[in-house]
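**Q** Full structure from sequences and hints, please.
Protein chains in written order, with the numbering used here: chain B, 678 to 1059; chain G, 3 to 351.
Derived by calculation from the structure, the hints in this document are not laboratory data. Check each hint, because a few of them may be wrong.
Said to hold, decoys possible - Listed next, the in silico PhoX-like pairs over lysine-lysine satisfying Cα-Cα at most 25 Å (straight line):
| no. | chain 1 | residue 1 | chain 2 | residue 2 |
| --- | --- | --- | --- | --- |
| 1 | B | K786 | G | K133 |
| 2 | G | K151 | G | K217 |
| 3 | G | K151 | B | K784 |
| 4 | B | K975 | B | K946 |
All values derive from a computational prediction rather than experimental measurement.
The residues making up each chain are set out below.
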Amino acid sequence: MKYVDEFRRQDLAKKVSRAIHNEVDRGRRYNLMEFCGGHTHAIFRYGVQDLMPDNVRFVHGPGCPVCVLPVGRIDNAIQLAQQHDVILCTYGDMLRVPGSGRKSLLKIKAEGADVRMVYSTQDALKIARDNPGREVVFFAIGFETTTPPTAVAIRQAQAEGLKNFSVFCNHVLTPAAIQNILESPEVREIGSVLIDGFFGPSHVSSVIGSQPYEFFAEEFQRPVVIAGFEPLDVMQSALMLIRQLNEGRHDVENEYTRVVSRDGNRKAKALVAEVFELRRSFEWRGLGLVPYSALRIKSAYAGFDTEKRFDVPAIQASDVKGCECPSILRGVKKPTDCKLFGTVCTPENPMGSCMVSSEGACAAYWTYGRFRDQATAREASA
Amino acid sequence: MSVKAKRFPQRLNIRSGTIDMTHGSGGRAMAQLIEELFVTHFDNDLLRQANDQAAFDVPAGRLVMSTDGHVISPLFFPGGDIGSLSVHGTLNDVAMAGARPLYLSSGFILEEGFPLADLERIVISMAAAAKRAGVPVVTGDTKVVERGKGDGVFITTTGVGIVPKGVNISGDRARPGDAILVSGSIGDHGVAIMSSRENLTFETTIESDSAALHKLVASMVEAVPDIHCLRDPTRGGLATTLNELALQSGVGMQLTEDAIPVRPAVSAACELLGLDPLYIANEGKLICICAPADAQRLLAVMRADPLGAEAAIIGEVIEDAHGFVRMQTGFGGSRVVDWLTGEQLPRIC
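**A** Quick look at the structure:
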């Protein structure tokens, strides 16, 4: 497949691997956080770690849209489907995320709630057109990548005069979350989380561009390399980060030049700005309340805002006891540090969100990387 | 037949008629449906005896029996339909014991309002598949459920077959060192189904690989009677089937990603939809595990058959207390190939 296979070539991977081995300073460690779950997934699916020197460590970040949604918002969605009898449409991964009381959208669907998996906002609009007598709610989640399609759907619904369609908006913003991690005490003062540099998001950056990262690269003196989601992109970007660190630089560099520009997608940004505005603060699983880190629908489009059309209370709900998702999302702990990992929490029966999505660190560890920990455990006990 | 035909003054209106509750009531309407549709197309001596069961002599040896329910949506898809699928699915399950299939039975659950024209199309396809396979449908059952209580048609088929002497194929016989073979490209069926679903429209020329594998199996068993395991990687795909075998045999497996055949169009479709071909269903492929010394001979026999033309050795069985299926990725790293979690696609067979 063109534009994909080239970025998975083993001969090129070996070359970059050699270059990285030559570049690293054996006397130090490199802790590189990949913000996006897409990178986490690629690292595990292709076994990228095997091609890296031992002193380069990937720290998994919170960039998995399913993982960071707090339990309360999932409870809201469950309530909408159960108590307001709406047709609740959402992306596939959301269905299995556990809310309070181990309920999930998949479970309430089995009990009779009308929950439908869609591949795009266009599918949700079609459902609304086909069911004029029912309220259709699109449970919108995701970072800057999925926000423009939601904006398009809202504008389209308005143009068509659709009266039964609304959006339960949970769109969040990447730069605010990265800043929050860098400002956290674990990183700043305590130093329990070592982050030397960042792999910048790929799809998100195609929309927002590389410019928004410039502030915190400077402010927090950490290099950022915007990286594509293919395994070769990850390796090339690792090489670029290691070079910057060796040279004492902290610039924003762009490895994903085939898609990302400094300004991003102006049209998409304009669309988002027209339909959405900043929330003063929003709760993230793992990070807590993060100021100006999420979007809500502007009052001009209030008719399509689920939170205006229905009673959507703020629900304070906590994670399952013992679930380490919050610490894992901040890079403080590894999935294998969690007592629930692989014992009661598995992809079939997830206790926390990180075990649900393929972009979640726990699911990636479990699905692709388990044998590594077995090997490590054996080495440790030997 | 001509005497019986007079029992029904008017023939079934196949062109525009639909199934109604009387077609499952046990009365004359049901008898007419059976006679004019099922007996006409499945036509064989045992079925024409019009008993509630088929009685036949069984050759000496081990008898194999398997059953498979088919609930696929959509009913008609590129490369097949629920009719041919219901024949192939059960024949393959019987064949995976190394058996020669002898007879099939079929149970139809029809939904009130289902067009007779569609039913005829399905029955004709099923009859053609059975004829091609040389395995007759010798007995069956028809039930009708109220509108909204089914999804058009569900078909359950059961097959019986005989295992040749000296053949002992079982999922618990994989041993470290054994070779793992697959009979051709993976993921074709699942992607064909996906592409024909109305809410997932994208252009693809991929057809389902739905096919009966018993003739391929017969030539494999003839060449190497001591095949250790055979299994068709249907739901859950290659990955899940290999995990089943690893668990059953108490072994691990080591695969080479580059050796696993995947059509470019299938990998492109999977790329778009965020799916992994390793987990996509197949309906005309088999996995074979055999002693390393037999691998090349089996590969040659498989490749000589059109249904195994793209066969490949994809890995080997290893010792592993955890029973992991691991894979050397095309990129040069390694990973676990786990069981399928949740469902990639609903109602694929």
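**Q** If a hint holds in the structure, say so; if it does not, say that too.
**A** Verification of the supplied hints:
no.	hint	verdict
1	K786(B) with K133(G)	violated (42 Å)
2	K151(G) with K217(G)	violated (38 Å)
3	K151(G) with K784(B)	holds (21 Å)
4	K975(B) with K946(B)	holds (15 Å)
When the structure is compared with the earlier hints, violations turn up for hints 1, 2 and for no others.
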